[in-house]
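K.L.:
One-letter residues, chain by chain:
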Amino acid sequence: MPKIFIDDRAVEVAEGLTLLQAAESVGIPIPHFCYHPAFPPEGSCRMCLVEIEGLPKLELACSTVVKEGLRVRTMSPKVVEARKSVLEFLLAEHPLDCPICDKAGECKLQDYFEEYGLFKSQFKEAKEKREKKFKLGRNLILDRERCILCTRCVRFLNEITKTEDAGILNRGIHSEVGIFESEFIDNNYSGNLAQICPVGAITDTDFRFKTRVWFLESRESICPLCSRGCNIIMDSHAGYPRTLPTRRVYRVRARQNLDVNFHWICDYGRYGYAYLDEGREDRLVWKKGDRETRLSWDKAAQILSEKIRSLVHLRKNSRIGIVLHTNLTNEELFLADRVFRKGLGVEKLFLADPPPGKGDEFLLTADRTANRRGLQEVGLPVQAPDLKALSGLDLLLIFGHYLAAGTSPSDLKNALEKVETKALFASHKSGLDGLVDFVIPVPVIAEKNGSLTNIDGRVQPFVAGLSFAGDGIAEWRALLDLARELKVEHKYFSRLASPEAIYRALRKEIPFFK
Amino acid sequence: MSSEYSSSLRRKIDEVVARYPKKGAALLPVLHLVQREVGCISPEEERFVAQVLGLKPMKVREVVTFYTMFLRRPVGKYYLQACSNLSCSLLGAGPLLDYLQQKLGIGIGETTADGRFTLSTVECLGACEQAPCLMVNFDYHGQLDREKIDRILESLE
Ligand code: SF4
Ligand code: SF4
Ligand code: FES
Ligand code: FES
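Top line first, the protein sequences correspond to chains A and B.
To convert, note that position 246 of the first sequence is 237 in the working numbering; the numbers rise steadily by one, no gaps.
Throughout, the working numbering is defined as the position within the second sequence, counted from one, plus 5.
So that you can see chain A by itself, here it is in the shape it has in the complex (with noise of 0.2 angstroms):
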């Protein structure tokens, strides 16, 4: 491992670091643009200019590698000198229309501008016009004006999506970004050109003008679109409940893991978060007949537990049914199987799922929920729903609002009407809410603590973004309150008052989980 100086400071840093990666894998940050991690060096947009003790002129961080004993600088007067000049070519030709770009506060040309630049406009002649709205891609904007040419957006459909749909056009003063005629970027991937856009030059029209980024608040979660659970930032406004007619998420983004998703999402996640905020349930109601009576969810538990009870009681074990589904935590699953299978002998442990779509050869997977993995690694013994074993219960709790895909309405309504008791615990609005007895709204993914396990076997915890509101029930809670009504094993489950401590209770009995 060679040792380097920066700053003064000794480090010692791993071979083939360049300059830049060094520092700033020891907290020393150096401006840049056309570098990103995903990509080779580029040394096109000279920001990561830094003094090498020995050398006559600065060099590219980006682009020079660490030797042994290298003398770097990156705060001295030629280094910030250089910067600014930097920055005031690039600003010589910029439109500076920040008050109108949704780039602003998250901006790297506005935020080295305050930390470097800061210099009067030298410049008097008349700016180049540039187009302003070019359509790039399907949800993409091209502001040319705004563009600096780092070509991080043509480097990322080279090497990444390999579409190499877009490229640098013209030469000198005339270069822009184009694509060929009309063929607009789409693929799967092409959100990700929007977030790696270091400026505001290439901006998504789902999220052009809705809101500025300095009122969001941005919280880490998994995406549960598909089984590959990417990384993810949730950009909320935090003070608006899911009940005003307002979202709550404005925007999602890759956030990186290199075992996971690298710095990348698909499409299908990324733009796909109104299910967050729209077709929610969010009352718990008790129908009978007509009425429909509100309940609170400790009533509710009362209830089902005595329903439960008389069951068991009578040996009715084989006459009680369970629906889950993989969308549900590990943690979720393990409960489902210490209570009903091991604590109460319930053998009917069906599996309803969301209908599977196509993958892509990169993040996206065909398999559409986000825990399968998890379901086998616990080792539920799951069927699939027949109508006919469901006809013949006396009592189904229905985790998910996924049985009435795939059957026919008339079908399953014909089933479910010779169950006596019949509770669904759904995040949404379905078919299934008019033939049921309860309706119990439970959060989603982004609304609860726990883990999910990938398609690679990848168990990733994660806390809740956004918070959950109205008059449900998490799942796990809804078990474990289910429990200890029915009084299954007492010591066992009082300690398991949290996620994590039903995690580790899962690692300590399941080696996979280990």
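In short, the hints are calculated from the structure, not lab data.
Using N, Cα and C, we set each Cβ at its ideal position, and we do this for glycine too.
No false leads were mixed into what you were given.
Pair by pair, the computed Cβ-Cβ distance ranges are:
#1 A:Gln113 with B:Glu162: 48 to 58 angstroms
#2 A:Asp(-2) with B:Lys28: 40 to 50 angstroms
#3 B:Thr73 with A:Gly34: 20 to 30 angstroms
#4 A:Lys120 with B:Phe71: 20 to 30 angstroms
#5 A:Asn161 with B:Glu115: 18 to 28 angstroms
Here are the simulated DSS-like cross-link-like pairs (lysine-lysine), alpha carbons at most 30 angstroms apart as the crow flies:
#6 A:Lys124 with B:Lys64
#7 A:Lys290 with A:Lys307
#8 A:Lys478 with A:Lys333
#9 A:Lys120 with B:Lys64
#10 A:Lys124 with B:Lys61
#11 A:Lys278 with A:Lys420
#12 A:Lys298 with A:Lys420
#13 A:Lys118 with B:Lys64
#14 A:Lys123 with B:Lys61
#15 A:Lys298 with A:Lys279
#16 A:Lys126 with B:Lys61
#17 B:Lys61 with A:Lys349
#18 A:Lys69 with A:Lys(-6)
#19 A:Lys99 with B:Lys64
#20 A:Lys115 with A:Lys75
#21 A:Lys69 with A:Lys48
#22 A:Lys482 with A:Lys499
#23 A:Lys99 with A:Lys115
#24 A:Lys126 with B:Lys64
#25 A:Lys307 with A:Lys482
#26 A:Lys153 with B:Lys28
#27 A:Lys279 with A:Lys379
#28 B:Lys61 with B:Lys28
#29 A:Lys153 with B:Lys27
#30 B:Lys64 with A:Lys153
#31 A:Lys126 with A:Lys153
#32 A:Lys123 with B:Lys64
#33 B:Lys61 with A:Lys153
Some, not all, of what chain B presents toward chain A, calculated at C-beta under 10 angstroms:
#34 Lys61
#35 Met63
#36 Lys64
#37 Thr73
For chain A, the structure is supplied; the task is to place chain B with the ligands on it using the hints.
P.N.:
What follows is chain B with the ligands alone, placed relative to chain A:
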């Protein structure tokens, strides 16, 4: 359409492509061959070249727009490129260019209605010793004045 390109052009392209380890490396010489046959590189030609070399059309477009010698639109029978760089300008290229425009009745970058002449300006033609100068298709004409321009145009008539 690509089927319209002559078999001799295709043969020449094959020969050029064979000289390079990677097909894509033959992009510049192939563009020259196509331009010589077709007269310009329009989107259709870009698609054709991309397909022949196994490239995305955008890669071809980047190269075509970078180099000013690739013509993106058809030009007249005679393509006049007047030098507008330093030596020529010092020796009167400016007024001569005005004269050319006025005589042909077109502006820079335009083609006469009869499709005979296209006028453009170029940076240094590399013949400063002959300044001011002009290229007509592939022929150089130097030490220009109004009379010489009249004579050249007449000879082309
Ligand atoms: S559009 Fe953005 S990412 Fe692309 S070259 Fe311009 S500044 Fe860079
Ligand atoms: S690949 Fe899957 S997990 Fe990743 S963003 Fe897309 S849908 Fe979400
Ligand atoms: S980051 Fe080094 S030149 Fe752009
Ligand atoms: S300046 Fe005109 S040929 Fe050199």
